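The lines below spell out each chain.
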Amino acid sequence: MQELIARAKELLANGTVARVLGWKAGDLPYNPEPAYFEKEEDFKDFVYNGFCGANLSKYMIEATKLEGKTLVCLKPCDTYSFNQLIMEHRVDREKAYIIGVGCKGKLDIEKIKKQGIKGIQSISGAEITDDAETLTINTLYGDKTIPYADGMLERCHVCKGKEHKIYDEIIGESKDTKDADRFDEVSRIESMKPEEKFAFFQKELSKCIRCNACRNACPACSCRKCVFDSNKFDSSQKANVDSFEEKMFHIIRAFHVAGRCTDCGECSRVCPQGIPLHLFNRKFIKDIDEFYGEFQAGEDITVKGPLTSFTFEDVEPSVVAERG
Amino acid sequence: MYKIAKENLPALFQRIAEGQDLILPISNGGQVNYGVWTEDADVDIETLKSVKSPKDAFFPQSENLYTCVREGKKLQITPEELQQKDFVVFGMKACDIQGVEVLDKVFLSEPVDTFYAARRQHGTIVAMACHEPEETCFCKVFGIDAAEPKADVATWLIDGELCWKPLTEKGETLTKAVADLLSDDAAADAKVENEKSAIRAIIDKLPYSDLSLEGWNGDALTEKFNSPVWEELYKPCLACGTCTFVCPTCQCYDIKDYDTGHGVQRYRCWDSCMYSDFTMMAHGNNRNSQMQRFRQRFMHKLVYFPANNDGMYSCVGCGRCVEKCPSALNIVKVIKAFQNQGGENA
Chain A
1 MQELIARAKE LLANGTVARV LGWKAGDLPY NPEPAYFEKE EDFKDFVYNG FCGANLSKYM
61 IEATKLEGKT LVCLKPCDTY SFNQLIMEHR VDREKAYIIG VGCKGKLDIE KIKKQGIKGI
121 QSISGAEITD DAETLTINTL YGDKTIPYAD GMLERCHVCK GKEHKIYDEI IGESKDTKDA
181 DRFDEVSRIE SMKPEEKFAF FQKELSKCIR CNACRNACPA CSCRKCVFDS NKFDSSQKAN
241 VDSFEEKMFH IIRAFHVAGR CTDCGECSRV CPQGIPLHLF NRKFIKDIDE FYGEFQAGED
301 ITVKGPLTSF TFEDVEPSVV AERG
Chain B
325 MYKIAKENLP ALFQRIAEGQ DLILPISNGG QVNYGVWTED ADVDIETLKS VKSPKDAFFP
385 QSENLYTCVR EGKKLQITPE ELQQKDFVVF GMKACDIQGV EVLDKVFLSE PVDTFYAARR
445 QHGTIVAMAC HEPEETCFCK VFGIDAAEPK ADVATWLIDG ELCWKPLTEK GETLTKAVAD
505 LLSDDAAADA KVENEKSAIR AIIDKLPYSD LSLEGWNGDA LTEKFNSPVW EELYKPCLAC
565 GTCTFVCPTC QCYDIKDYDT GHGVQRYRCW DSCMYSDFTM MAHGNNRNSQ MQRFRQRFMH
625 KLVYFPANND GMYSCVGCGR CVEKCPSALN IVKVIKAFQN QGGENA
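Chains A and B, in that order, give the protein sequences. In terms of our numbering, the first sequence opens at residue 1 and continues consecutively. In terms of our numbering, the second sequence opens at residue 325 and continues consecutively.
Simulated from the structure, these hints should not be mistaken for laboratory data. All figures in this text were calculated on a predicted structure; none of them were measured in a lab. Note that the Cβ used here is the ideal one computed from N, Cα and C, for glycine as well. Just to be clear, a hint being listed does not mean it is correct.
Said to hold, decoys possible - 25 Å max Cα-Cα, derived BS3-like pairs, lysine-lysine:
#1 Lys39/A <-> Lys559/B
#2 Lys429/B <-> Lys409/B
#3 Lys113/A <-> Lys529/B
To be verified - Computed Cβ-Cβ distance ranges for the label pairs, DEER-style:
#4 Glu299/A <-> Thr362/B: 30 to 38 Å
#5 Ala501/B <-> Ala321/A: 35 to 43 Å
#6 Asp181/A <-> Ser521/B: 14 to 22 Å
#7 Asp92/A <-> Pro552/B: 24 to 32 Å
#8 Asp131/A <-> Glu425/B: 19 to 27 Å
#9 Glu456/B <-> Glu154/A: 47 to 55 Å
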């Protein structure tokens, strides 16, 4: 982290960048927030640790409209989102200075608390420089120790790899934390009977409170004005008037980001109700892989996505329809 | 003091639910929220905080106000019926009960919101003390005692037993209806006293318990409103409505018409000051930047509300926004930022 801070200060001082987009230490051991740093003294609060899960690519949509370059800290998986935003002309590459920051998997405080850990006073083992494989959590109700991997976000268990896909320089080591297949859960749901599938999604989506956190955190949701924010709707974009509407919101969103979603996992990370929203996107990704050959959005900005290009080998719509 | 063994709670819930609705914390898909009890509901009274606050019981996220149906040249208007059936909300914590008192100030002052008033009239609240408060809690800052909630009935879950103490007439009525399931136990008083001390001792150690509200009051309007601190604070905000929708005191709502094809269903639903169409009027929107919308939320809770309600803040320190904000922003960070970055001159 010290190397990152030193380099960021240097680039700020020599005028290469006008601001730095990173994370500021929170007031609890696990709540750092995305923040801009413009002056040397701001860096006293700069932090980069296991709780810096937020994908800062989304903030770059606005940041690259500002005057001067913005230095942004991107983790390997965040760089896929940034690439995708370049392809969609939503960020200006020339206005970004990307430091690829090392990552050994990010932590999910909700998952940690679900293990019965509460009254947290301090956490050690979440520092990025620490090679410790365990988290030691000091709480008002006693000390707890859990393996680092047991506190990791779901998306880190299906890590896309330690490679940054776009960067100006890299600081820090990364680790591939993959220990599961990202399509396992999709396959499990595919094998369900239609009524079981319906019940599964009904149960999960019935928790939705229409806070729009999934949409607002999503780097693929970059429309200036979302259709759901239109005040011309009869039905409200703020509340589930009936059980049909809540499904429509999530299904429409999944269709809209199909072929563009990099599977960064922000939707599921931010959902206050723990809805596994990534499953919708992964179903689309799995289908795209099967119909058009393997494709990873955001991996390579020179390759057109299968849904935005045409080849004679493309699958016929009837194949999709017949498969159901 | 009455008590009932924890294993007999299903029988208690069944009894309460005879002839009235029982609303209590239910686990669904790994998350605990308040919902209507059914025999197969997965009741969870151990989890300290529900994701959403229980305010839906009195002020639902979405509700119909009236329905218009057009038949030829006739227009039939049917107002939605007010709550007529009694119901019980079980398991509310002291912070959420204070949240209802905040809502009372808004909806029970003139002009009275009849929908809300009917629910308050028919609802009985059974509160639970907070057995193990968490680091995100800061109710103490607002003078709330999590060890001794004020409601129709107060309860404490101690060592596999629920101690039960009616505090109001409504509470006595409910207690009578379930009397044969409760046993009277003089020894429970001492147990409850011990539990209260234990809870208060933990609360004193919580990281936010010493948060100072100095400078936040109804007179601070101009000074706080014009502070440059907001420009920095709002930046990580993604403009989602999570903080407002999990909050026990946020009370803003929108009224809309749903076109049913042959008429209109007029309904209201919670609004969020974080949303771009918040308080949109014919001339447009009077808060057209996210900074202004962000500022609104905290000014309302810490300045405007106390100015209009004898100093009462419309934050109760439940800490749900602390837990749920996708960008890790929250009201505590806002309060602290003003202390750190310029205090009274900010």
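Verification of the supplied hints:
no.: 1; hint: Lys39/A <-> Lys559/B; verdict: 16 Å, holds
no.: 2; hint: Lys429/B <-> Lys409/B; verdict: 23 Å, holds
no.: 3; hint: Lys113/A <-> Lys529/B; verdict: 19 Å, holds
no.: 4; hint: Glu299/A <-> Thr362/B: 30 to 38 Å; verdict: 48 Å, violated
no.: 5; hint: Ala501/B <-> Ala321/A: 35 to 43 Å; verdict: 58 Å, violated
no.: 6; hint: Asp181/A <-> Ser521/B: 14 to 22 Å; verdict: 51 Å, violated
no.: 7; hint: Asp92/A <-> Pro552/B: 24 to 32 Å; verdict: 28 Å, holds
no.: 8; hint: Asp131/A <-> Glu425/B: 19 to 27 Å; verdict: 51 Å, violated
no.: 9; hint: Glu456/B <-> Glu154/A: 47 to 55 Å; verdict: 27 Å, violated
Hint violations for this structure: numbers 4, 5, 6, 8, 9, all remaining hints satisfied.
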